[in-house]
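K.L.:
One letter stands for each residue in the lines below.
Protein chains: 4
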Amino acid sequence: MGKGRVEAFSDGVLAIIITIMVLEMKVPHGTSINELKSLIPIFISYILSFIYIGIYWNNHHHMMHSIEHVNGKVLWANMHLLFWLSLIPFATGWMGENHFATLPVAVYGFVLLMCAVAYHILARLLAHLHGKDSIIATAIGKDKKGKASVIIYTIAVCLCFIHPSIGIALYTIVAAIWFIPDKRIEKKLEEEEK
Amino acid sequence: MGKGRVEAFSDGVLAIIITIMVLEMKVPHGTSINELKSLIPIFISYILSFIYIGIYWNNHHHMMHSIEHVNGKVLWANMHLLFWLSLIPFATGWMGENHFATLPVAVYGFVLLMCAVAYHILARLLAHLHGKDSIIATAIGKDKKGKASVIIYTIAVCLCFIHPSIGIALYTIVAAIWFIPDKRIEKKLEEEEK
Amino acid sequence: MGKGRVEAFSDGVLAIIITIMVLEMKVPHGTSINELKSLIPIFISYILSFIYIGIYWNNHHHMMHSIEHVNGKVLWANMHLLFWLSLIPFATGWMGENHFATLPVAVYGFVLLMCAVAYHILARLLAHLHGKDSIIATAIGKDKKGKASVIIYTIAVCLCFIHPSIGIALYTIVAAIWFIPDKRIEKKLEEEEK
Amino acid sequence: MGKGRVEAFSDGVLAIIITIMVLEMKVPHGTSINELKSLIPIFISYILSFIYIGIYWNNHHHMMHSIEHVNGKVLWANMHLLFWLSLIPFATGWMGENHFATLPVAVYGFVLLMCAVAYHILARLLAHLHGKDSIIATAIGKDKKGKASVIIYTIAVCLCFIHPSIGIALYTIVAAIWFIPDKRIEKKLEEEEK
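Residue numbers (my numbering), protein chains in the order written: chain A, 89 to 282; chain B, 89 to 282; chain C, 89 to 282; chain D, 89 to 282.
Next up, chain A with everything else stripped away, as it sits in the complex:
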């Protein structure tokens, strides 16, 4: 089964998720600078989530680029990933509107955690489907990056209840780890071409 339409559908959903988040930034009624200032926490949470979706899109793009086919299980694993990603606009809006209060920050982290889990499952299924000598399988290996993300997110969600800023700091660290698209895949693809 071809991968083209899975890519197209995922692109569509990710494009919509990234864009509807901006709808949470409601147009203020006045025209003073204070109205704009009150939007700052919402704007910051928007930037953070925009980067997250960007990271997922980039990495998804890379992963899909390195595979050849998909099956029914992969379709559902991908759908599962899109489900958790689709909750990011909600979590972003709640966190921004409440100025990074404890519970919204923890819920935001929980959604990110579930996205990371879903991405890990998808990567494992794709590696399994293509065999242990495939580009995807050797590139991912034991998926240390994926596992580390899951662990950091879990800790981050717990530490939110001490202070939400600890959570935000840890989420940012995971983003930094993934910001550069998966070098593992790029390296393997280049080697392959030689």
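Think of the hints as simulated: they come from the structure by calculation, not from any bench. Treat the hints loosely; a few may be bogus.
One copy or two, it doesn't matter: identical chains are merged, so the pair holds either way.
Stated by the list, open to error - With a Cα cut of at most 25 Å, we get these calculated BS3-like pairs of lysine-lysine:
no.: 1; residue 1: 220; residue 2: 232
no.: 2; residue 1: 233; residue 2: 114
no.: 3; residue 1: 220; residue 2: 233
no.: 4; residue 1: 161; residue 2: 232
no.: 5; residue 1: 125; residue 2: 220
no.: 6; residue 1: 114; residue 2: 125
no.: 7; residue 1: 161; residue 2: 233
no.: 8; residue 1: 114; residue 2: 232
no.: 9; residue 1: 125; residue 2: 232
no.: 10; residue 1: 233; residue 2: 125
no.: 11; residue 1: 230; residue 2: 114
no.: 12; residue 1: 220; residue 2: 161
no.: 13; residue 1: 230; residue 2: 220
no.: 14; residue 1: 235; residue 2: 220
no.: 15; residue 1: 125; residue 2: 91
no.: 16; residue 1: 220; residue 2: 91
no.: 17; residue 1: 161; residue 2: 125
Position chains B, C and D against the provided structure of chain A, taking the given hints into account.
P.N.:
Relative to the frame of chain A, chains B, C and D by itself:
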């Protein structure tokens, strides 16, 4: 007439439907755990509908994969399917906001019923267009699965007026039947390749 | 310049227009049958507009299928068409919410009129670009259908001020004319293949 | 790394941005001509932004057409451009709702300025990636058009605080400069083909 743009358009509409549903989950104003709890029925109805749209996308993907061309009638049959699918976010929101009350659950079932009818019509038109020896025609056969869905949904909508949970249970059963993409098509495609 | 990305962008915009219209159908707060009944005019206007966007998509699909390349002017003519189409959800919502009152029905007709004008311009530009012996040019000819639509819409908008139902009736007649995708193009394409 | 999915994702995001702007044009509750008149500033700001997004799409289309591959940096530069473009619906809505008041017009200009900066960065990265003899590099050259836009926008934002109409006039001038897709690229592509 090529099928590429029909797939692209359907993917676009399905991607938007699945994503705008999340807009029904309004960001709560407070930050207490109770605010989150009050969202639970909306969240459950969102999960249910997400799975449904996922199922339709998967099966639509499979069906389109097995055909070669489309005509004017097929374009309209596809549009008809998209119309009923586009009502799912509305029905989902109404059902979730009213904690699975009788009428919203029955309306939700009616929309699912009409989607099933529209899918059945599309499948029949495609089978007819490709001739009775085509992959799609032999795979679908008498479309027992499609007909069974229509019957179960009809019964489910009626039984909602006894208790809405019976309706929900029956809707879930139909989802389970379709959860695994159409093996009939996959089998036929594999045989063809041999 | 290739036509692929113009098709993709137009598909995307049309898919979003057709889907966001449903957002005008606000989820009612109660669960009684009367709540649902009060949505009937909005639902009818949704069906009408869904069919209109469907018609535009089908015909756009056909027209784009018959051409080979585009230029800067065509890109802007297409953008112009998308602009007027993007106003349909607004006009639909206004008309439905006000139970087909005079001014909203006339405005709805005006938007449809401008869509027809924009489509006619796009068709003429494409015909001109491909030369008078091209499939598109011979298929469209003097574009009687396009011109007739423009005239009927103009009359319809004026007659709305006698009674809006005359407007709705005339809009429906134009829809009927275009419901079947452009046979002219299909015929030409078939002849070409022989 | 192929450019196909970057185009698809950008098309998706641009298609959504251009379409959700229309959601800022809230359906009025009455049916009088005055209700419609009160929407005029929102409508004008919608037209202006529609043209802007159209210009970006056209030029993005042209630029992507002239390149061969992308890398991780380009993906992020593109994401950065989409980020600023995604703020246009918000800025448009704020400006329209407040009848082109000083601060909203200045903020609108600031968003346009950042879009221009982001586009310039993307163009430079693509030119650098393809080498100084590539179509994109020779076509863009020192990117005078891009630099001029950045300067005019900066001046325009400052002059808004004298009178917002000066800002609007200058924004319109930049739009006029870019309205016709990049002739530089078209010329180079034609020469290449000879």
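K.L.:
None of the hints should be skipped; say for each whether it holds.
P.N.:
Hints and how they fare:
Within a single copy, residue 220 and residue 232 get their C-alpha atoms as close as 16 Å, which meets the 25 Å cut-off; across copies the closest is 39 Å, which misses it. Neither within a single protomer nor between protomers do residue 233 and residue 114 lie at most 25 Å apart by alpha-carbon distance, with minima of 36 Å and 33 Å respectively. Taking the shortest Cα distances, residue 220 and residue 233 sit within 25 Å of each other inside one copy (18 Å), while across copies they are farther apart (37 Å). Taking identical chains as interchangeable, the C-alpha atoms of residue 161 and residue 232 lie at most 25 Å apart whether they share a chain (23 Å) or sit on different chains (24 Å).
Proximity of residue 125 and residue 220 under a CA criterion of 25 Å is satisfied in neither setting, with 53 Å inside one chain copy and 44 Å between copies. Both within a single protomer and between protomers do residue 114 and residue 125 lie at most 25 Å apart by alpha-carbon distance, with minima of 13 Å and 23 Å respectively. For a Cα distance limit of 25 Å, the shortest separation of residue 161 from residue 233 qualifies both inside one copy, at 23 Å, and across copies, at 21 Å. Proximity of residue 114 and residue 232 under a CA criterion of 25 Å is satisfied in neither setting, with 40 Å inside one chain copy and 36 Å between copies.
Taking CA atoms no more than 25 Å apart as the test, residue 125 paired with residue 232 passes in neither setting, with 41 Å inside one copy and 35 Å between copies. Proximity of residue 233 and residue 125 under a CA criterion of 25 Å is satisfied in neither setting, with 37 Å inside one chain copy and 33 Å between copies. Neither within a single protomer nor between protomers do residue 230 and residue 114 lie at most 25 Å apart by alpha-carbon distance, with minima of 43 Å and 39 Å respectively. In the homo-oligomer, the alpha carbons of residue 220 and residue 161 lie at most 25 Å apart inside one protomer (18 Å), although the nearest pairing across protomers, at 30 Å, exceeds that limit.
Taking the closest pair of Cα atoms, residue 230 and residue 220 come within 25 Å of each other only inside a single copy of the chain (11 Å); across copies the shortest separation is 41 Å, beyond that limit. For the homomeric pair residue 235 and residue 220, the shortest alpha-carbon distance inside one copy (19 Å) is at most 25 Å, but the shortest distance between copies (42 Å) is not. In this homomeric assembly, residue 125 and residue 91 never come within 25 Å of each other (Cα to Cα): the closest approach is 45 Å inside a single copy and 38 Å across copies. In the homo-oligomer, the alpha carbons of residue 220 and residue 91 lie at most 25 Å apart inside one protomer (20 Å), although the nearest pairing across protomers, at 28 Å, exceeds that limit.
For the homomeric pair residue 161 and residue 125, neither the shortest alpha-carbon distance inside one copy (47 Å) nor that between copies (32 Å) is at most 25 Å.
In summary, the structure is inconsistent with hints 2, 5, 8, 9, 10, 11, 15 and 17 from the numbered list given earlier, while agreeing with the others.
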